[in-house]
Structure formats: structure tokens, C-alpha cells
Amino acid sequence: MIRVQEHDFDVGQEIKNLTNGNHAIGGVASFLGLVRDIASDAEISAMTLEHYPGMTEKMLTEIEAEANRRWELDASLIIHRYGRMEPGEQIVLVITCSKHRKSAFESCEFLMDFLKTKAPFWKLEETPEGGKWVDARDSDDTAASRWIEK
Amino acid sequence: MIRVQEHDFDVGQEIKNLTNGNHAIGGVASFLGLVRDIASDAEISAMTLEHYPGMTEKMLTEIEAEANRRWELDASLIIHRYGRMEPGEQIVLVITCSKHRKSAFESCEFLMDFLKTKAPFWKLEETPEGGKWVDARDSDDTAASRWIEK
Amino acid sequence: MKILYFAWLRTTIGKPLEEITPPETVKTVKDLLDWLPSLGENYSIVQEKSDLLRIAINQEYANLDQEIKQGDEIALFPPVTGG
Amino acid sequence: MKILYFAWLRTTIGKPLEEITPPETVKTVKDLLDWLPSLGENYSIVQEKSDLLRIAINQEYANLDQEIKQGDEIALFPPVTGG
Chain A
344 MIRVQEHDFD VGQEIKNLTN GNHAIGGVAS FLGLVRDIAS DAEISAMTLE HYPGMTEKML
404 TEIEAEANRR WELDASLIIH RYGRMEPGEQ IVLVITCSKH RKSAFESCEF LMDFLKTKAP
464 FWKLEETPEG GKWVDARDSD DTAASRWIEK
Chain B
344 MIRVQEHDFD VGQEIKNLTN GNHAIGGVAS FLGLVRDIAS DAEISAMTLE HYPGMTEKML
404 TEIEAEANRR WELDASLIIH RYGRMEPGEQ IVLVITCSKH RKSAFESCEF LMDFLKTKAP
464 FWKLEETPEG GKWVDARDSD DTAASRWIEK
Chain C
250 MKILYFAWLR TTIGKPLEEI TPPETVKTVK DLLDWLPSLG ENYSIVQEKS DLLRIAINQE
310 YANLDQEIKQ GDEIALFPPV TGG
Chain D
250 MKILYFAWLR TTIGKPLEEI TPPETVKTVK DLLDWLPSLG ENYSIVQEKS DLLRIAINQE
310 YANLDQEIKQ GDEIALFPPV TGG
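Chains as they are written, first to last, in my numbering: chain A, 344 to 493; chain B, 344 to 493; chain C, 250 to 332; chain D, 250 to 332.
I should point out that these hints are in silico values taken from the structure, not numbers from a laboratory.
Where a beta carbon is used, it is the ideal one built from N, C-alpha and C, also for glycine.
No false leads were mixed into what you were given.
Calculated pairs, DSSO-like style, for lysine-lysine (alpha carbon to alpha carbon, straight line, at most 30 angstroms):
| # | chain 1 | residue 1 | chain 2 | residue 2 |
| --- | --- | --- | --- | --- |
| 1 | A | Lys461 | B | Lys442 |
| 2 | A | Lys445 | B | Lys401 |
| 3 | B | Lys475 | D | Lys298 |
| 4 | B | Lys442 | A | Lys359 |
| 5 | A | Lys475 | B | Lys359 |
| 6 | A | Lys461 | C | Lys318 |
| 7 | A | Lys475 | C | Lys279 |
| 8 | A | Lys445 | A | Lys461 |
| 9 | B | Lys401 | D | Lys298 |
| 10 | B | Lys475 | D | Lys279 |
| 11 | B | Lys445 | A | Lys442 |
| 12 | A | Lys401 | C | Lys298 |
| 13 | B | Lys359 | A | Lys442 |
| 14 | A | Lys475 | C | Lys298 |
| 15 | C | Lys298 | A | Lys461 |
| 16 | B | Lys401 | D | Lys279 |
| 17 | D | Lys264 | B | Lys401 |
| 18 | A | Lys475 | C | Lys264 |
| 19 | C | Lys264 | C | Lys298 |
To spell it out: a stretch of chain B is covered by chain A in this simulated footprint if at least three of its residues, at any positions, have a beta carbon under 8 angstroms from a beta carbon of chain A; those stretches are:
| # | region |
| --- | --- |
| 20 | 350-364 |
| 21 | 369-379 |
Some chain B residues flagged as far from chain D (calculated, every beta-carbon gap over 10 angstroms):
| # | residue |
| --- | --- |
| 22 | Arg346 |
| 23 | Ala389 |
| 24 | Gly426 |
| 25 | Glu449 |
| 26 | Glu472 |
| 27 | Thr485 |
| 28 | Ile491 |
From just these sequences and the hints, can you work out the full model?
Quick look at the structure:
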């Protein structure tokens, strides 16, 4: 399941909804991304996430399908917010449920790595010097490249 | 922070308590373990987790300190329950908070792997054939061995 | 043909999207990027920052040599930074 | 010397803990495991299942050749299966 939304989400509730009644699930891995108040070189008062409506949903759906192809998952969820957010606010949530912890952990990391390099979102940070578009990090490409099937 | 307790816990609330007000945190990885209704060869109606009071706390504290030595974490939490639990109930929760997702993910997996092989807990499953102590899995030793520093 | 711009491509070019009618000689993504600067000074950014340019055709990532055709939705944007 | 048993060691031996007073010749964990079966038939499990035996001294994992002394808290248990 994927959701692209402006409003906040409730991590505990999302995990409950996803696992509720499915007693085959032994492990639930999750990742929650938050807005930090410090970027590489400036203090951040807020950020705005721009995205490409339509393509975002398409990419997230593809990424999730790929994770379900690679691992035996009982359930999965990606929520990504857009719009203006302040430090401490929740940006992204990925949850994967599986029989065993290994596949839950791996697929959760896989989803985050691919989301970081494929999902069309762009961060504009509000710094004391004004708005600043965040540069993509090489380490994200490196992280994603380890999942390339040989 | 570590907690060994008989009563249930609230994942969403624990994440909130851990991250609350700390705007240096960019990533929160978590793992939640649930009781499954199927073991390798039998249906399970419930299980009882026995533990070694005193040593459990000591081991979890050591494991958490080791994770904090290996990764730069802003916060971490291990909760492990003992006593009788039915399928679908929550057994264990590990949360790690860091600036970046890589260290959050890695330390969370590390904590789970070590907890699985070092924390003195034993599962007694209630099956149609009566109580059955769960055998340790070789795959858990393998998982833990990958963290041995060379 | 609809073309969309995101992030600093949007702010530099000065609009989020527009209808364009490239000449018939524009057959591939690369042709399009070579032709765009003829629309005005702001568009030279697609040449200047070509290393940082990502292209989507109909909401799927595309390569420079991919063909474009009437009715396609083209998007130009920098490397993504969500998550 | 206090000794604790967990999981199927506890159910087989039939008690969760006891005070024991091994002779002075019992100096190491290995000596203790060799001596325990002399306490009764139930205790032979510590020899039969020696591969699956884990030992803690004062709540820390211990090896077979580690020394034990008066006042130590010894624990015998199978490989752990929590999490």
C-alpha cells in the first residue's frame, strides 16, 4: 500500500492496521524519517517538499511491487508527505511485515534506498540565507546500487 | 534504555517518547516481534517466555552499550516481554534513532541479532501435543556472527 | 506536448508547466534539450546543468536517446531528494 | 553456591534453583558439570545434552575452563530463543 499525502500520520496506528489479525507475521520492520534542524551547512527553520503528482504514486507503487517480488512479505506500506514541514515533523514512513526478521529488515532498507533515489520529491530548505534546494547525496546512489541484481 | 516487562507496550508512544524534542534525529528504525500462530511443525495456541531476571537486564544493557559504541545514535530502546502471550501479541521492540538512516538501520539489526543469541529468554510453545520448548535456530547464530569485528 | 519543470528547474524557467510545439526534427529527448534554449534565456539551464538533469516521459524515467511523440507528458527535474 | 536452571533444564531437574556444596576438587565449570550427576538421576541431562548447555557465572556467559568459587551464582540453560 502506498500513500502520498500532505497531512501527518500515526506510526503506531499504521503498524496496527497493517498487522491486525494476521498471525503469520513474526517481524515488523519500520523506518520513520524526520525533519532535522541542521543541514550540512546551515540551520533549518522549515522545509517544503515538492513532488510530481502522478509520477510519485507510480514510482512508489513500482518500488513496493519490486520489494514484494524479491521478498516474501505479508504486508507493506509506504507513506510520503509533501508540503511544508518543521524540524521534528514526520516526512516518510516505510513498514514491512514478514514471517522472519531478515526479510522484514532487508525489504525495509531496500524500499528506503530506492525511494531516496527514484521517488520524485525535492526538498527546499528554509535557512537564514533564504530558500535552498537540497543537493542529492552520492551516498544515496551508493546505497541503492547494492540492490542491483547481478 | 532497556525494559523487561510482563505487560504490553505501545510502539507509537515509545517512538514519540524517544524522538520528542530531539531535532537532530533524521531517521528512526524499529523492529517489532510478534507471536506467530504457526511454528515449524505445529499450530500454536500461545507461548510462554521464561527469562533469567537480572541477567536479562545485564545482557540487554551490554548489547545496547555496544550498539552505541559502534554507531552514533541519538537514542535507542529495547523492550522485551516475558510471560504468556497469544498469537498476534507483541514480544519485543527495538528502536534506534540517528542522524542518518544507515546507522539507524544497521544498529537496529545488530541489536535484534545479538538479543536473539545473547539475551536469556526461552520460548515454551503451547501446541496440540502439549508444551514444547523452542529450539535455537542456526540462522540466528549466523546472523549474529556477521557483526564480529575483524 | 506538455512539459513540466520541478524544483530549481521550475524556479529558473519560471513556470511549472507549459505546452510546447517543437519542430518535426525534434525526435528524441536529446533533440528536445538542444531545442529548448531557443525558447528563451531562462531555458539555457537545461544545457548548463545537463549533468543534474533527470527526464521522465509519461511519468517513467527516460534516457537521452528515447523517442518523444505528440501527446507525451515530458518532465525535467534535478536528482530527487525526498525520504 | 547458588545454581539456577532454566527452560528444559529446569523442568528435567525439577527445580528452578538450589544451594549446592560441591567438594573442594570442583574448581572449574567443567568440574561442576562432571560432579552434578552425582546429585541424582535427573541431573544426568547436563552430560547428555552437553552440546546444548550454556553456562553463566554471576550473570555473565562463562566457558568450561572458567573457575568457580564460593558465593558465585551459577546458571545452566539451553541456547536462548527470545526475540
